[in-house]
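Enquirer: Take a look at the letters that make up each chain.
There are 6 protein chains.
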Amino acid sequence: MSIFRAAIIGGGNIADKNHIPALKQLSDQVDIVAICGREQTKARALADKHGIPHAFANTADLYRECSPDLVVICTPNYLHYPQTIEALEHNCHIFCEKPPALTAQDAQKMADLALQKGRVLAYNFQLRQTSEWSLLMRCQTDGLLGDIYHIKAHFLRRRGIPGWGYFTNKSMQGGGALMDLGVHVLDLALCALGYPSPEHVLGNTYDMIGKTGGKGLMGSWHPETFEVEDAAMAYLSFSNKASIMLSSSFALNTQADKDRNLEVFGTKGGVTLFPFSLHTELAGELADIQFPYLEDVDIQLKNTVAFLDACQGKPSNVCTGTQGAILQNVVDRIYQSAAT
Amino acid sequence: MSIFRAAIIGGGNIADKNHIPALKQLSDQVDIVAICGREQTKARALADKHGIPHAFANTADLYRECSPDLVVICTPNYLHYPQTIEALEHNCHIFCEKPPALTAQDAQKMADLALQKGRVLAYNFQLRQTSEWSLLMRCQTDGLLGDIYHIKAHFLRRRGIPGWGYFTNKSMQGGGALMDLGVHVLDLALCALGYPSPEHVLGNTYDMIGKTGGKGLMGSWHPETFEVEDAAMAYLSFSNKASIMLSSSFALNTQADKDRNLEVFGTKGGVTLFPFSLHTELAGELADIQFPYLEDVDIQLKNTVAFLDACQGKPSNVCTGTQGAILQNVVDRIYQSAAT
Amino acid sequence: MSIFRAAIIGGGNIADKNHIPALKQLSDQVDIVAICGREQTKARALADKHGIPHAFANTADLYRECSPDLVVICTPNYLHYPQTIEALEHNCHIFCEKPPALTAQDAQKMADLALQKGRVLAYNFQLRQTSEWSLLMRCQTDGLLGDIYHIKAHFLRRRGIPGWGYFTNKSMQGGGALMDLGVHVLDLALCALGYPSPEHVLGNTYDMIGKTGGKGLMGSWHPETFEVEDAAMAYLSFSNKASIMLSSSFALNTQADKDRNLEVFGTKGGVTLFPFSLHTELAGELADIQFPYLEDVDIQLKNTVAFLDACQGKPSNVCTGTQGAILQNVVDRIYQSAAT
Amino acid sequence: MSIFRAAIIGGGNIADKNHIPALKQLSDQVDIVAICGREQTKARALADKHGIPHAFANTADLYRECSPDLVVICTPNYLHYPQTIEALEHNCHIFCEKPPALTAQDAQKMADLALQKGRVLAYNFQLRQTSEWSLLMRCQTDGLLGDIYHIKAHFLRRRGIPGWGYFTNKSMQGGGALMDLGVHVLDLALCALGYPSPEHVLGNTYDMIGKTGGKGLMGSWHPETFEVEDAAMAYLSFSNKASIMLSSSFALNTQADKDRNLEVFGTKGGVTLFPFSLHTELAGELADIQFPYLEDVDIQLKNTVAFLDACQGKPSNVCTGTQGAILQNVVDRIYQSAAT
Amino acid sequence: MSIFRAAIIGGGNIADKNHIPALKQLSDQVDIVAICGREQTKARALADKHGIPHAFANTADLYRECSPDLVVICTPNYLHYPQTIEALEHNCHIFCEKPPALTAQDAQKMADLALQKGRVLAYNFQLRQTSEWSLLMRCQTDGLLGDIYHIKAHFLRRRGIPGWGYFTNKSMQGGGALMDLGVHVLDLALCALGYPSPEHVLGNTYDMIGKTGGKGLMGSWHPETFEVEDAAMAYLSFSNKASIMLSSSFALNTQADKDRNLEVFGTKGGVTLFPFSLHTELAGELADIQFPYLEDVDIQLKNTVAFLDACQGKPSNVCTGTQGAILQNVVDRIYQSAAT
Amino acid sequence: MSIFRAAIIGGGNIADKNHIPALKQLSDQVDIVAICGREQTKARALADKHGIPHAFANTADLYRECSPDLVVICTPNYLHYPQTIEALEHNCHIFCEKPPALTAQDAQKMADLALQKGRVLAYNFQLRQTSEWSLLMRCQTDGLLGDIYHIKAHFLRRRGIPGWGYFTNKSMQGGGALMDLGVHVLDLALCALGYPSPEHVLGNTYDMIGKTGGKGLMGSWHPETFEVEDAAMAYLSFSNKASIMLSSSFALNTQADKDRNLEVFGTKGGVTLFPFSLHTELAGELADIQFPYLEDVDIQLKNTVAFLDACQGKPSNVCTGTQGAILQNVVDRIYQSAAT
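Residue numbers (this note's numbering), protein chains in the order written: chain A, 122 to 461; chain B, 122 to 461; chain C, 122 to 461; chain D, 122 to 461; chain E, 122 to 461; chain F, 122 to 461.
Bound conformation, chain A alone (with noise of 0.2 Å):
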């Protein structure tokens, strides 16, 4: 097998705690050839610190001197589109973060201008990796759950909006608590279903606390720049009568500091995922079971081995392009669910 050539678009802390490292520990199947961020200097800086050979500050450049196989992009969401289309039209297979884009429309033409060229799109949605997971989606196999019609999914911060970065920002990230949190656990719901798209979205976006200001636990944010939702709920409904109910905040007035979970109710079975339990009936009584020693994993090698598997034609459960631009519909139609 030959060794993919990788490289890095976005040179942030995702970049540096979360792709590199696990790219490293995979160096028998990929090799990072080239890092690319915004200023020169800091991309020779971490390229430096990884033992990373070329650093850049344009892709052009990148691509013109590097020919990579494929591309990490890690970058804000407003340039996930432009910088996979770019990457695809230099024939590159890409791990995208999430969420996909700012618009379905975006999500769409990059899954499509994937399926044409024949390049794996996939974005690092890692809960995917987690050992309740895998468990669940094991159970289902193994037919503990029956047919799974309801589903609650949230992740919620009841004083999370980040201190730092662009996370207040519309126009870079497209929206706020749903797009930076909804995201993961919408993912997850939506692969239990086997990833349909809703036949009715109906939906709620609020931001009055962001735009008050108070005590803030992932630093402080400035209610004055705040132009996003803090809290954003919805309704699922599939055309098999199937439903999603969906909660997330950057902040609310809950209890904990932060939770995410799902609940997951199947004929036969419901799961609650963090920690995982089941609940089901048992030699003719009603059982709650616990899988006491669920292996603790690294979430984000996982998925990149997921993805890599991908690149290489083998089974793999990474978010794939035409998942994402499904997902990305669902939350544009939230939005403007929201809106009207």
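These aren't lab readings, by the way, just hints derived from the structure by calculation.
Mixed in with the good hints there might be a few duds.
Identical chains share a label here; the pair holds if one copy fits it or two copies do between them.
[What the hints assert, rightly or not] Capping the alpha-carbon separation at 20 Å, the derived lysine-lysine pairs in PhoX-like fashion look like this:
1) Lys-145 x Lys-379
2) Lys-389 x Lys-362
3) Lys-336 x Lys-138
4) Lys-291 x Lys-332
5) Lys-379 x Lys-389
6) Lys-389 x Lys-336
7) Lys-389 x Lys-332
8) Lys-362 x Lys-332
9) Lys-362 x Lys-163
10) Lys-362 x Lys-238
Position chains B, C, D, E and F relative to chain A; hints supplied.
Expert: Below, chains B, C, D, E and F without anything else, positioned relative to chain A:
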């Protein structure tokens, strides 16, 4: 003050255990003059047990012979409408069991006629009299919550399909989990928002566990005659952008045997109702507030008092006919949404 | 179906509180015609209390005058053998209190004569009727346990030497903690293995706390007349290599006041009986399973029903005379091992 | 005091992580002069890592070139016997890993030759140095326990068949759970009774989970090469009527991942070892006593000190060669009982 | 033994629920011959309820007509002194409710006259009869505590100003939290030290919550007529350098609804009374000792027995007249300290 | 802003671990120019470790050669007075370790001279900088507590007599538990009341455990050289009737290893400091309020900042020389009370 002459219509459990004992504790305001049941013998026995002078097997006799000032309607859901109309035509005040009626149209006619006749029509939603609900109302009045914009309301049973009565009979009850359980928390959620009618309603109903059968925790039910929903999920969106997520079930593969709660989110504070806790900011810090000494109250007694207060023109927080019509309209729209 | 004519032999607490109330609840199957106690006056008083027509001070009178179909023997241990033989000679079915007899030889004769006479001889081991034991049997049937190969069974009290009755009198009771407590969990353990007779038995008995005295938690006992073991420990090994560790005590310097449990280990799953939990593999992971809604049953009533079922030739899980003889043989061998 | 010249035989994990670090902390008493491993290169590397001058690939070279005063034997079980004999013939004191040997006969020869040569032979049972065991010994000395007459000792793993080393190889290890885990708690139990040899031994061994396979919690094992017992249960009875119940497992369908404990029952008090609690009578009442501030000690260091104390003729509670022979004899008799 | 003829003075709750039931259980020692209440009708009704022959509305009649041997005084505090003097003049033994009197001077006169008359004067401090206090006394006797040198004693209520009776009336009760609650734990603390009179007393009293009003947990009180202290804090220092910190409150912004406890510190061991735990050194380690099986006793019954024992000249731990005078002196000095 | 030139006097642990690291983090405000220790060599080594230019063995050299703007005094208690006077004479600001001095007289002279010289004299009571104390101050400012009238303050160790340093030496430390531990919570308690001087002080000191010996949890101490109190208890009463109960111990037979807390009672609310909880009335009900997200702060750094703020004339909550003199006066009066 003259004393009300009351008649009880319906001789089942809820008359025997709830309404009659409450009315008897209020003998300075009300006198139970008659009871009307399906069978004369049973009605007579119940009347004797409680020292009630008259017992009838049909309401015509009741009205003719006793001329009550008010009636308490404790019959199956499908009788609420005709019996209320009849009572109004005899110029009675009415304290009717929940839900108001089988359809929104009926509930509206009931409310309209009550207004026209100048009589009190009230529904027995007792949760309004819990100490927790009273405290939430007080917190709202005191400005501790700010503006309420989102509510999660649920009333879930794991395997609580009643093994007795008409609960699984569609034509007599009009529905299942939503009609019997969901309405309780829906009424509270609407109260918290000022009882508006929602702009949009999206919902689904399910019946697979009910129709398949299994271990029952409230007696055994018959899957073959199970006609109602075992679960109903819905999302309501209001013109001021507030929203309600509503979940109700007779049977669901969830952990708790029974779980009934509201989470109310406002711009200044949020409340979990049972047990009551308030999440807000105080002295510049995020604060969680408990009220460990809330009184344990007799909620039926308090609701009966509230009804009698209304009959006397005093302020009262009992559920009014108009509110009942709005609530029934929501229920109708959830069923319609689920059916399409 | 004709109704059994039953007689109670022994007018103590266990007749008054357990057997008679159970039989009276089963009046469609059985009619208590007489009671026989040591003293005519007391027997008469007990009969009157329960509305039983006849009372006797000796069994000869009882059989002559009442000709019962079945007898319930609730006398001290040393009387179980002669009274059972006498009852069989009068062609009665017998429901006898535990333990079966003072010696294995007696218990075997009782079993043999019952078979010869074609009458039911059963012992009142009520733990067989707990929901937990029923569930364990169901798990075994459903293959959730695989082959059971080891059982730890214990029935321990810290300072529970009864301060009343004959419990410390060797000639009347035949032994102490093993005879009174250990037999309950030994019976279950043997059941789980199919009631085989062990190949090897090794055990010890102790009496130091009983003979020294101390703080009593079930009344005060008299060290100077303490003749039985305060603790008995044993190991049973079977021809199929299965094994049982058995511990029982009236008095032991252990933490819990009272502790009674079984741990059952099979090739596929293991069970802790109280509270019931199942330890196994599910969906490829180690799983711990709880059954939080097991029914609270009247175990005496269920065991009396099981006895009556046996009398009518129906399937029954009551402890049979043959099982009782095997159990008593194990008890004998433990005492013998301890004595050598 | 002259300083001991020590040699390490066996270059595996236990030498690297336990013995060498402990000896190095005791450099005022002992000097590690050489290490002997199966392969010269690995031995050399380990020696270099720890600053040990010499490294050998066979013991003959070691003795000829270095003439150590004492050796620490850290090799697989089957080498304990020949290497101990060889070391004694070179007049060395020996600190040997547990278990003593593959058979009781070998262990007895080792003990005999050590006595004859006047050298210290000691086994590394480190649990003797826990604060809990020291406290139990002190409680016994202070008379708080009275006479000890029953001990329950167990060392259980749910799925802890090691996925590395020789642990499942019968000819190299001599056995499985009993040889590797059970001996630790058996040594303590025998200590508590004064290290008598039991009069009677009854036991069983099992291997179904090991031979069937399953989820491993200490790596994955190979069912097809699993030759040892995955569980061993036994009962020991002594001439003074004391008794020990011993349970050990690599794999058992029990709740806890790992569970290692002793319960010691005496006439005046009983002890649960981990966490330590004492159950007794005090001031005329039943009392439970905790000792919340027991020191966290380096048990390997303390056991190495105890061995060196023995070498210097000082009092020591290290496991002696004679005790090791008694323990190995018990192990042999359990295996014999299980085989017949 | 002749049987005491007893009379009850005061027909309130404490007579009805505590003293009369206790005395009736001791009918082999005492016979209640009369009851004296403020109103003849009520006294008569209470007498009839308990089968007491005579009922009076003034004590003069009582003494003249009944000549009791002993009287139980259950009247408001301000009557304790005159009624005790009167009873002593009629040569009665006296069992008086706590506190002894309104002033130290009165209490001293009561004690002096009792001694002079050779009659028993005892106060009903029931906490002395709890199992916990008995065990503390036993621990002290057994030398487990060494010399006691400091005690923290508190009896605190958060909002427990009684909404009934005379508890907030200064002239009838003499004080508030200290008089009603503090004296209970002060009595125990003084007992533990041998009932010395303190050398120095420093204290404060407060009444702001009582005078301001608020949520009541023992009914609603009237701020405008609140005349007593809602909290009293004090420090007592003794000639042997021992000290007591005393806290008592009817109302205080503390966490617990009600909290009543003593911490007793001695040179060898310290005790927390409720639940009882002993902190000491044992076997060379710091030890915490619980006594999980203390008996639940009827403390009123035991204290009445103790009083009757005293009347019969038997050893008794009831609070004596002399102790009562010392205690009342401490109370006086706390109030004086607070006032200056 | 010019930068302060700082010198450290005393080269022990508290200089090395607390003061120097804090000052180095504030290099924009302060520059450590010298350190002065008892021994030149050790002082030099510490200076080198932290990159401090000068090291001296006496303060005369220090002042002559370096002319610092401020000094930090980290020496044993008996040196606080002379070194502060000397520093003031060199016109330095002083940040002195607690307690202020050995006597109230000395502390007063220190405060007086500082005022006269116009220099800042501050004491390092770091608990003032905990988030909990900041929140209490904020609650007081926001009116949530009303008027504070009683405080319970304690700093207790069970067996925490330090096994190192001069802590048990009376002439060098001036006292024991009160001087070392009690002053921390006494400072806070006085702060809460506005730092008044008490009208009355009553207290006791004890030394029996210290002089007898026992198990040590902070090393082993020497009973024969134990000269200070192992426990000090006191009560302070103020002219406005407020009161403080103060408890401190190095050794006491209490449950917790270490326990340090304040309970502050006001007319509107009460606070338990660690963990912070507020007990009050809200929305007409009794409420308990938690603040689960208080920041974990570097209290030494914050206190050093507070000292530097004071030096720059900014508002600061550091303990002033005047407050220190009041506190030392209270300590003196407690010792005097205990001695008489």
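Enquirer: It remains to establish, for every hint, whether it holds in the given structure.
Expert: Now for the hints, and whether the structure bears them out:
no. : hint              : in the structure
1   : Lys-145 x Lys-379 : neither (31 Å within a copy, 35 Å between copies)
2   : Lys-389 x Lys-362 : within (17 Å within a copy, 36 Å between copies)
3   : Lys-336 x Lys-138 : neither (28 Å within a copy, 32 Å between copies)
4   : Lys-291 x Lys-332 : within (13 Å within a copy, 48 Å between copies)
5   : Lys-379 x Lys-389 : between (30 Å within a copy, 18 Å between copies)
6   : Lys-389 x Lys-336 : between (44 Å within a copy, 12 Å between copies)
7   : Lys-389 x Lys-332 : between (44 Å within a copy, 12 Å between copies)
8   : Lys-362 x Lys-332 : between (37 Å within a copy, 16 Å between copies)
9   : Lys-362 x Lys-163 : neither (51 Å within a copy, 44 Å between copies)
10  : Lys-362 x Lys-238 : neither (36 Å within a copy, 43 Å between copies)
The structure is inconsistent with the numbered hints 1, 3, 9 and 10, although it conforms to all the rest.
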